[in-house]
Amino acid sequence: MEENVLLTARGISMTFPGVKALDNVDFTLRKGEIHALMGENGAGKSTLIKCLTGINDFEEGEIHIQGIEGPVKNRSTRDAQNVGISTVYQEVNLCPNLSVAENLFIGREPLTKLHTIDRKSYNKRSAKIMDDLGISVDVTQNLENYSLAIQQMVAIARAVDMDCKVLILDEPTSSLDDEEVEKLFNLMRKLREKGVGIIFVTHFLEQVYAVCDRITVLRNGAFVGEYPIAELPRVKLVAAMMGKDLDDLAEIKKEQKDYSKEPMEISAKGLSHAGTIKPFDLDIHKGEVVGIGGLLGSGRSELARCIYGADKAQTGTLQINGETVKINQPIDAMNKGMGMLPDDRKAEGIIADLSVRENIILALQAKRGMFKLLSRAQQEEIADRYIDLVQIKTSSKDTLVKQLSGGNQQKVILARWLATNPDFLILDEPTRGIDVGTKSEIQKLIVKLAAEGKSVIFISSEIEEMLRTCSRMVIMRDGAKVGELDHDLSQENVMKAIAGGES
Amino acid sequence: MRTWNKIKTWPLLLPVLALILVMAVNIIHDAATGINPLSFFAVSFRDTTTNGTILYGRVIDIINRGSEIAILAIGMTLVVSASAGTDISVGSVMSLCASFMCMNLAGYGVSSTTTLAKPLIVGLLAAVVMGVVCGAFNGTLVAHLSIQPMVATLILYSAARAIGLLLCNDLIVYVRNPSFAFIGAFLGPIPTPIIITAICIIVVSIVLRKTALGMYIQSVGINAKASRIAGLNSKLLIFLAYMLCGVFASIAGIVASSRITSADSNNIGLYLEMDAILSVALGGNSLGGGKFNLAGSIIGAYTIQAITTTLYALGVSSIQAPVYKAVIVILIVVIEAPPFKAYVRKLSAARAAKGVKA
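Chains as they are written, first to last, in the working numbering: chain X, 1 to 503; chain B, 1 to 358.
To be clear, the hints were calculated from the coordinates, so they are not data collected in a lab.
For glycine and all other residues, C-beta sits at the position ideal for the given N, C-alpha and C.
Take these hints with a grain of salt, some might be off.
Computed from the model, here is a short list of chain X residues facing chain B with C-beta under 8 Å [what the hints assert, rightly or not]: (1) Ala347; (2) Leu362; (3) Leu373.
The list that follows gives simulated cross-link-like pairs (lysine-lysine, DSS-like), each with its CA atoms no further than 25 Å apart [to be verified]: (4) B:Lys235 / X:Lys367; (5) B:Lys210 / X:Lys397; (6) X:Lys346 / B:Lys235; (7) X:Lys346 / B:Lys225; (8) B:Lys346 / X:Lys402; (9) X:Lys326 / B:Lys225; (10) B:Lys291 / X:Lys346; (11) X:Lys20 / B:Lys6; (12) B:Lys225 / X:Lys367; (13) B:Lys8 / X:Lys402; (14) X:Lys402 / B:Lys291; (15) X:Lys367 / B:Lys291; (16) X:Lys20 / B:Lys346; (17) B:Lys291 / X:Lys397; (18) X:Lys393 / X:Lys20; (19) X:Lys448 / X:Lys336; (20) X:Lys278 / X:Lys336.
Reference excerpt, derived from the structure (chain B facing chain X, CB under 7 Å, subset only) [stated by the list, open to error]: (21) Thr211; (22) Ser219; (23) Asn223; (24) Lys225.
Can you make the complete structure from the sequences, with help from the hints?
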């Protein structure tokens, strides 16, 4: 083994029922490097990481770790930690009701001579650990008092303090804002100097270029290549991930058109929900795509949820096609032709233990009512049609939806709503955590739906995406609607509006 | 080979194996004691003075005696699936429904009667209405007030029997009327409880097959929030599951009461809630809610009754029986536990790998 190589995986293969998840994949991590693991949804990134951390039991191949004779096969995450591999996920696996220090030392508390927990010493040691990493926190405070970013850093600090040589960060930045991301990157750079090898999994291309040294690309479970960052510009990276050269995203551009003459689809007056969104007015015309911009937590999702009845509107009136309607819960909105793809796919989207077929027909079945069961043949026909239409990659329509990759799960939920043939569709972060190819597919689909005369509310953290598809943007700040932009839609203008103040 | 694989992935495989295991114990015991090993399965007609010619045999006895557990298991399956919780009040609700029925049939304060004070159908409806009320009470607490199922149903678990006694003026009310006793006795040669159970199972199966109820309940059990966004009324469905559970408890109560032609508030349905919950678990259903398999639960119910009957056949006294029952249940539950299944799979994979090398 080379002197500075920390970890090598050679010829890793693994099959899930019906799918070859990894096929002869190689991976090499060197000392003091940040190594991006890239690929589309379902490319095998998570599977490979789970092989390294002992969650998955791979069938072929060998993993070698510096300082250990012979191939290493981890049977559990604990095994992995013992050989120096630690993982920090997007969702922090720590205890929010314990202090930072307690979290750092949980399960390995320093003891006094009497075998009681030595609080003084671990508070002191914790403070030093956090200090060394340049994170300023009060270690005696409960973890829940800190932002998600800090919580993640505590998880990283814990891993580092447990002598980890290899640190795996799986989508750590998905829920962080820009400033927090920068903090995290500083920490990563600090760890790199200490000689830790970091495997970084993310969907954000710019972040890869901001912090990584090397990129390994996977596609459809196979190894595509390993590149130093300088040799793989963005376009080439996308091409490597997708297996083809294209700048598809640029092609999508909705033609500018004046929708104010079109009939009104939705007209909200003074809707609000206590604690989440202040009263707002919003008109949406037929065939219009309206984007909602704002920072995370500015009330983007809450506005949409209030219209849909996911959070019942407490004040105001809502008109659909000129008719005043009362919406108490989602089914009322659905019966008026609405649909909503929620932003939290796991918590509010998929029904994990049901099949792809059942997940697709669920909303349609709910609309028809309990006593008008779609026959099995009808269900299969609908499932087949939409699996084909939005190109869901699944081994069969009776596969459990939880076995699909994140992007494909998202497509299943999209299919669920398309199957109800809605007039008005709310898409809350439909492209989050999804690879570039699927993103452009979804954006194209939105434009196509609008062309068919459907109205869409499109919410996304990526402004470019909304600029490409929306004809009008609503700007949110601190739970209130603060403005609308319908001409001069440019990144700069939108940013200014979101930031507020002098513009 | 393909049929073998099909059998291996059959969801009812383990519940059925468990039932076969219990039968095997009977067969071995019979063989060891010199009786015809197949006497367990022997069914014959026998003339009795009270009921005329009836079906007789250990299997018939198990299916007959297992009726209440099987009926309860239907409702329990729905509750577990929808709310990831259990209704521990079913045994007590059985008793309350029986008391309310007998109070109606005998008249308030009457302790023993041979003539019915009201038509039989009024009494039966009274029991079912009481079941609906109890189920609705539990359902409201769980679905609308979000109280943990165990705690919510604990109220009726402890109170229902006392309410039943109150309705019966602290008496054991005897209704010794043939038209009432018939429910717990025989229809022709067949025990009536078996027929009632069969009707319950058939009706529920048809409802699950012809409506979307099953899918709705599973969907809510797996992810209530997502189901709501997709247009399901999660609260209503959870409420409905508890209400149905109450209805089935009342039917079980009618059967149990008719068997002894009385409303013995302190004994009807005693500990049956545990058997019902166990049936669901033995049937391979996760008590964490979500997907359910009704057939599994019903096989589980008869497995439990088979264990009880077997123990009595083996000469175990009714006081010691729970100990042996516990041992058998532990065995069955371990066999069905996912880590154990994974272990078995690993062993067989290792053996297969060895076979390839050799």
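Right, here's what the structure says about each hint:
no., hint, result
1, Ala347, "holds, 6 Å"
2, Leu362, "holds, 5 Å"
3, Leu373, "holds, 5 Å"
4, B:Lys235 / X:Lys367, "holds, 17 Å"
5, B:Lys210 / X:Lys397, "holds, 21 Å"
6, X:Lys346 / B:Lys235, "holds, 20 Å"
7, X:Lys346 / B:Lys225, "holds, 10 Å"
8, B:Lys346 / X:Lys402, "holds, 23 Å"
9, X:Lys326 / B:Lys225, "holds, 21 Å"
10, B:Lys291 / X:Lys346, "holds, 17 Å"
11, X:Lys20 / B:Lys6, "holds, 22 Å"
12, B:Lys225 / X:Lys367, "holds, 17 Å"
13, B:Lys8 / X:Lys402, "holds, 22 Å"
14, X:Lys402 / B:Lys291, "holds, 14 Å"
15, X:Lys367 / B:Lys291, "holds, 22 Å"
16, X:Lys20 / B:Lys346, "holds, 20 Å"
17, B:Lys291 / X:Lys397, "holds, 17 Å"
18, X:Lys393 / X:Lys20, "holds, 13 Å"
19, X:Lys448 / X:Lys336, "holds, 21 Å"
20, X:Lys278 / X:Lys336, "holds, 24 Å"
21, Thr211, "holds, 5 Å"
22, Ser219, "holds, 5 Å"
23, Asn223, "holds, 5 Å"
24, Lys225, "holds, 5 Å"
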